[in-house]
Amino acid sequence: MLNQYYGDYVTVAVFVAVGAVLVGAAIGMSKMIAPRAPGGFKDVPYESGIEPILGGWSQSHIRYYIFALLFLIFDVEAVFIFPWALQLEYFDSIGRGMFALIEMFVFIAILLLGLVYAIRKGVLKWE
Amino acid sequence: MSIFIEAAIRAVFVFGFLLVTVILLVWVERKFVSDLQNRVGPDRAGPWGILQTLADGMKSFFKESIRPTNVEVALFVAAPIIALMTALLIFMVVPIGAPVEINGTEYALVGADLNVGLLYVLALSSMAVYAIVFAGWASGSKYPLLGSVRASAQMISYEAAMGLSLVPVVLFAGSTSITTIVEQQQGTFLGVFPAWNIVLLPSFVIFLISGFAETNRAPFDLVEAEQEIVGGYHTEYSGFQFALFFLAEYIAVFNISALTAVLFLGGWSGPVFGPAWIAWVWPIGWFLLKTWAIVLFFVWVRASLPRMRYDHLMSFGWKKLIPVSLAWIILVAIAIGIRDFGLPWS
Chain A
1 MLNQYYGDYV TVAVFVAVGA VLVGAAIGMS KMIAPRAPGG FKDVPYESGI EPILGGWSQS
61 HIRYYIFALL FLIFDVEAVF IFPWALQLEY FDSIGRGMFA LIEMFVFIAI LLLGLVYAIR
121 KGVLKWE
Chain B
1001 MSIFIEAAIR AVFVFGFLLV TVILLVWVER KFVSDLQNRV GPDRAGPWGI LQTLADGMKS
1061 FFKESIRPTN VEVALFVAAP IIALMTALLI FMVVPIGAPV EINGTEYALV GADLNVGLLY
1121 VLALSSMAVY AIVFAGWASG SKYPLLGSVR ASAQMISYEA AMGLSLVPVV LFAGSTSITT
1181 IVEQQQGTFL GVFPAWNIVL LPSFVIFLIS GFAETNRAPF DLVEAEQEIV GGYHTEYSGF
1241 QFALFFLAEY IAVFNISALT AVLFLGGWSG PVFGPAWIAW VWPIGWFLLK TWAIVLFFVW
1301 VRASLPRMRY DHLMSFGWKK LIPVSLAWII LVAIAIGIRD FGLPWS
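Going down the list, the protein sequences come from chains A and B.
Numbering follows this note's numbering, in which position 110 of the first sequence is assigned residue number 110; successive positions increment by one, without gaps.
Numbering follows this note's numbering, in which position 16 of the second sequence is assigned residue number 1016; successive positions increment by one, without gaps.
Errors might be hidden in some of the hints.
[Claimed, not checked] Each computed BS3-like pair below joins lysine-lysine, with the alpha-carbon atoms no more than 30 Å apart:
1) B:K1319 / A:K125
2) A:K42 / B:K1059
3) A:K42 / A:K31
4) B:K1059 / B:K1031
5) A:K125 / B:K1320
6) B:K1063 / A:K31
7) B:K1031 / B:K1063
[Said to hold, decoys possible] Cβ pair distances, simulated, as ranges:
8) A:K31 / B:F1017: 25 to 35 Å
9) B:Y1130 / A:E47: 43 to 53 Å
10) B:L1289 / A:A13: 26 to 36 Å
11) B:F1273 / A:Y9: 32 to 42 Å
12) A:R96 / B:F1273: 13 to 23 Å
13) B:V1077 / A:R96: 49 to 59 Å
14) A:G55 / B:I1334: 48 to 58 Å
15) B:T1105 / A:A13: 16 to 26 Å
16) A:Y9 / B:N1103: 24 to 34 Å
In case anyone wonders, no lab produced these hints; they're calculated from the structure.
From the three backbone atoms N, C-alpha and C, an ideal C-beta is built for every residue, glycine too.
Please put together the full structure from these sequences, using the hints given.
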């Protein structure tokens, strides 16, 4: 018998499988019923009724890339904050509660400093 | 009973529940918006047009899924599937009622009570971004690409805020299991007020706002701003593939509403009356009541607020929501520090 811990993830796996079967079946059914007649102007990428100019993959602005970088910082930081939030009581039980609290304040302060730096650099300005 | 069979039965129940809900949800939204705008709304299919969604869904089965010439086939096909799968799977960790006892065995009314429930939710909502990026990229067309770049930047920005807004909840409950978080909200506070996490008001507000942005709902629906970029990332999708995106979007709205109800409004906790054979219905009723209240709030906001400007949207996320949620984490941590182990002056 599988223990509770692995049992939960078996459940997740079964959910993924059932979901995949469900979505697959629906798509398959639609494939069987729906007409399929490619060709003509309906296969041309949509550009509000005029014929497309140049390729479909245009350039996008660099600032989106910077948002991705910022997000990376804050998401990785969440990786540190969540375990800390869970273990705060444990730290208290070994007499290190204060230490854990102040440690996290320093961490968050450094993070905020990074955000302030990014804002002062004008990352969030749109011109 | 074999664990596989039990999980499969749970999966069928959860997905069935979601699909029925979504059929209702689309109808409720259309009807409520039309009430707010002083029009009639759908009224042909079934009584009060309640079968309209079903009719629309059936119709999409019979329509051709056009595949434009520039498409990257694998990603183009995968994108709507990823969108729907992530939306379906998030709901499995949401408990819809108190545990029910049948023939002496207790069954939890939840797909799976993962001990990392909240992180699972955050991880899957990150996965949802892939669907949008793939859809925009694989379409090989300009509007979808613009829409998907916008959408992904918006979603990851608000996801950071959403993740941070949940930290106080975790601090409060000492667990990331959603069932534990609901149980911790049972009972009353000072004898009168329900002991809901709504006391973490800033977290609640930030979570709800980032929920709007995550599900690309008005006023944050720039992703699908018809006047600028047509349909956004799903411009090139048609027929059943479009229906998958549509389903995913509405399931996501329901997911966020259910999560808000569960994390901040006490989930299924509420007064229970009557004999044992009827008492188990109450928690489910409370959960549905709270969730649908938030769903209606979503619709109300859509009918009331104009769309935001993109630069305002981004600077609101980064300059307001994230710093505020970080400061709020510090405040809650200090409060919990005082409660649990006292600070130096005590």
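Hint by hint, here is what the structure shows:
1. B:K1319 / A:K125: Judged against 30 Å, a Cα distance of about 11 Å means the pair holds.
2. A:K42 / B:K1059: Measuring from Cα to Cα gives roughly 19 Å; hence the hint holds.
3. A:K42 / A:K31: holds, 18 Å
4. B:K1059 / B:K1031: holds, 20 Å
5. A:K125 / B:K1320: Roughly 14 Å separates the two Cα atoms, so the pair holds.
6. B:K1063 / A:K31: holds, 9 Å
7. B:K1031 / B:K1063: holds, 25 Å
8. A:K31 / B:F1017: 25 to 35 Å: holds, 26 Å
9. B:Y1130 / A:E47: 43 to 53 Å: Given range 43 to 53 Å: violated, Cβ gap about 26 Å.
10. B:L1289 / A:A13: 26 to 36 Å: Since the Cβ atoms of B:L1289 and A:A13 sit about 33 Å apart, the hinted range of 26 to 36 Å holds.
11. B:F1273 / A:Y9: 32 to 42 Å: Check passed, 38 Å falls within 32 to 42 Å.
12. A:R96 / B:F1273: 13 to 23 Å: Given range 13 to 23 Å: violated, Cβ gap about 47 Å.
13. B:V1077 / A:R96: 49 to 59 Å: holds, 52 Å
14. A:G55 / B:I1334: 48 to 58 Å: At roughly 55 Å between Cβ atoms, B:I1334 and A:G55 fall inside 48 to 58 Å, so the hint holds.
15. B:T1105 / A:A13: 16 to 26 Å: holds, 23 Å
16. A:Y9 / B:N1103: 24 to 34 Å: holds, 27 Å
Hint compliance for this structure: hints 9, 12 are broken, all remaining hints hold.
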